Amino acid sequence: MAGNSIEVRDLTRVYGKFMAVDHVTFDVSRGKIFGFLGANGAGKSTTIRMLCGLLGPTSGTATVAGFDIGREPDRVKERIGYMSQKFSLYEDLTVDENISFFGGIYGLSKERIREMMPWVLEMAGLRGRERSLTRELSVGWKQRLALGCAILHEPEIVFLDEPTGGVDPVSRRNFWELINRLSGRGVTVFVTTHYLDEAEYCNDIRLIHAGRLVAGGSPMEMKRTYIRNPILEVGCDRVVDAMEMLQKEDWVLETSIFGTYLHVSVGDETEGKAKVRSLLEANGIAVRRMDRIVPSLEDVFIQRIEQESTDRDSGGAA
Amino acid sequence: MNPKRVPVFCCLRAVVKKEFRQIARDARTLIFLIAMPGFLLLMFGFALNFDVKHVPLAVCDEDGSAASRAFMGNFTHTEYFDLKYELSDPREVDRLLGEEKVRVVLVVPRGFTADLAAGREPAVQVLVDGANASGASTAVGTIGTIVQNDAVRMTTRLLRDRGITGFGTPLASDVRVWYNPELRSAIFLVPGLMAFILMVILVITTAFSVVREKERGTMEQIMVSPLKPAELIIGKTVPYIFISLVSSHLVLLLGLVLFGVAIKGNYLLLLLTMTLFLVGGLGQGLLISTVTRTQQVAFQLAILSTFLPTFILSGFVFPVRNMPPVVQALTYLVPAKYFLVALRSIIIKGAGLGAFWDQLLCLAAFAAMMLGVSTLRMKKAGETGKIAKSGRGRGGRP
Chain A
-9 MAGNSIEVRD
1 LTRVYGKFMA
11 VDHVTFDVSR
21 GKIFGFLGAN
31 GAGKSTTIRM
41 LCGLLGPTSG
51 TATVAGFDIG
61 REPDRVKERI
71 GYMSQKFSLY
81 EDLTVDENIS
91 FFGGIYGLSK
101 ERIREMMPWV
111 LEMAGLRGRE
121 RSLTRELSVG
131 WKQRLALGCA
141 ILHEPEIVFL
151 DEPTGGVDPV
161 SRRNFWELIN
171 RLSGRGVTVF
181 VTTHYLDEAE
191 YCNDIRLIHA
201 GRLVAGGSPM
211 EMKRTYIRNP
221 ILEVGCDRVV
231 DAMEMLQKED
241 WVLETSIFGT
251 YLHVSVGDET
261 EGKAKVRSLL
271 EANGIAVRRM
281 DRIVPSLEDV
291 FIQRIEQEST
301 DRDSGGAA
Chain B
12 MNPKRVPVFC
22 CLRAVVKKEF
32 RQIARDARTL
42 IFLIAMPGFL
52 LLMFGFALNF
62 DVKHVPLAVC
72 DEDGSAASRA
82 FMGNFTHTEY
92 FDLKYELSDP
102 REVDRLLGEE
112 KVRVVLVVPR
122 GFTADLAAGR
132 EPAVQVLVDG
142 ANASGASTAV
152 GTIGTIVQND
162 AVRMTTRLLR
172 DRGITGFGTP
182 LASDVRVWYN
192 PELRSAIFLV
202 PGLMAFILMV
212 ILVITTAFSV
222 VREKERGTME
232 QIMVSPLKPA
242 ELIIGKTVPY
252 IFISLVSSHL
262 VLLLGLVLFG
272 VAIKGNYLLL
282 LLTMTLFLVG
292 GLGQGLLIST
302 VTRTQQVAFQ
312 LAILSTFLPT
322 FILSGFVFPV
332 RNMPPVVQAL
342 TYLVPAKYFL
352 VALRSIIIKG
362 AGLGAFWDQL
372 LCLAAFAAMM
382 LGVSTLRMKK
392 AGETGKIAKS
402 GRGRGGRP
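Which chain is which? The protein sequence lines are A and B, in order. According to the numbering used here, the first sequence is numbered sequentially starting from -9. According to the numbering used here, the second sequence is numbered sequentially starting from 12.
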């Protein structure tokens, strides 16, 4: 208990006949960056909304910062920060007016807001732009200001619902640095995203698909647990032709193109390497290099979701 | 780690401050709130005039005698009628009335003087354009009085000519009009206009205030904070009360300057009455904004729930007691009705609280109900995610 910021048990939310979130159970350890991943409509936002007290669960329970979300939503609200993809700031207010307002509704005193102001401005990189109207800021700045407003009251847990949507790569990188700093100060960060490269920054991950959790663990664990067959990265000419050839062979489990490389999943590393090389070279395709690689999270997710869909279909047919 | 939560007042102040800033920065809303009521008063005040004065008149004097001219002088020498045409042929009457060149035609028949002299009660024909019923009936009343007075005058003279003096009319009416001795409709209409204008403007602007936050997603951000729904509602109301009181005073001032409507009663009572009414209107606007999701729908609801009810059911133009019972029952739902009774009492009659305390009570009840229901709606929306759902359809992300 002491180690968990969030504990979720069989949390379910139904819209009419649609199971948006289907008996989800997980824990989030204190001070960790927890990534909640899934496609659009998989149930990410519904879950985060329930945990923030914006939405009542249909069944199941959850405690956030030690308080039950159904029974003591106000206690929960005092202890969390929330930021959505929309960066919900008042566009017709200036930067410092936004900070004052959000500080005010969290009950911070005037003095406290004045103390926090330079810190938020520094963090958002908005020093000297206090009097600018928020609508004049670029997306990256708005995003950091929104985060600043969400953590003014120094919450124990920060919920970030797709915080990097529509933000350029440089801003995204800066933003993740901020998240790391927060986590370093002991704040638990609960973040949803569908950028899989961002998932690599998380300490712990859950993958949600059609309302159900289908995989979980640290990025390393996930790669190890869910992908047992070796994956070879092949550098060769005529990648598309090569893929078509390989797909016809029954000893090749899966192929896909990653940039100018080919990823080939085989049963055994040594035997696979030899077979791939001989097949391609027999067809006049030069193989420049071939290595076993650590699978990316994308490999894991594609594989898990395909697996899950097949399981469900066969389950439904039976 | 957990912030010390300072008294409620702090959060409330943050909301009030923010609303003021937003209104101040939104010049359009500010102008709408402050200048629009005055402008509408100007428009309606001059357009809605039930006084029948300077009615265009045509006369057709077939008799052409001194007596007939004297009789017609009774009409043309008042401010009620303006002589536009003198006709020689009664057949022109049709055309003039049809083309609305005149509204009243007076025809004095040939033999008027002779009949008078012989004591045969000559008939004078009066033709009135009845298309505008209310104007026409007032004109008919005025004409009747003028003819009657002249008849009495003639009889008296006739009797005197025959040597009969020292008599009086058996019955005399001594009519004294109180509160509005000149019977100017402006005095009756300005308070009504004030209610109507303030209601429409207020409900529209406040209806937008919550819906706008829903549309922009800031409502969601507020809902995850510990801010209580009541704090949000009150915080949103305070600045609008303040501003609408300013515009109310502008309307009062214009009423005085342009229409000569002075306040006879106690100013503090007037202020209390206005504040109660304004809070009710704001409450209604907020309620609308908690049940709608887009500014368009909020606008339509605001117009629908204020414009016609306030115009028709409040007693602004049409007296409530002349309405059929079912419609009368409906008028109890219109806060402007209570406001109007109290407002007219204060402004026109200078009456004290004793005359309309029940109206104020109704206004207060209405305001409390509106604000209460809005707060409950807001709370419910926060817990069941009605508001959150409005943000669900934001798909189409890359």
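It is possible that part of the hints are untrue.
One-sided and incomplete, this derived list gives chain A residues near chain B with beta-carbon spacing under 10 Å [claimed, not checked]:
no.	residue
1	Cys42
2	Asp64
3	Arg65
4	Phe77
5	Thr84
6	Val242
7	Leu243
8	Thr245
9	Gly249
Hints listed in this document are in silico derivations from the structure and should not be mistaken for laboratory results. Values in this document were obtained by computation on a predicted structure and should not be read as measured data. Even glycine gets a Cβ: it sits at the ideal position worked out from N, Cα and C.
Comparing the hints with the structure gives:
1. Cys42: holds (5 Å)
2. Asp64: OK, holds: Asp64(A) within 10 Å of chain B, min 6 Å.
3. Arg65: holds (9 Å)
4. Phe77: Phe77(A) check passes; min Cβ-Cβ to chain B is 8 Å, inside 10 Å.
5. Thr84: holds (9 Å)
6. Val242: Nearest chain B Cβ about 32 Å off; hint violated.
7. Leu243: With a closest approach of 31 Å, the Leu243(A) hint is violated.
8. Thr245: violated (27 Å)
9. Gly249: Since the shortest Cβ distance to chain B is 20 Å, the answer is violated.
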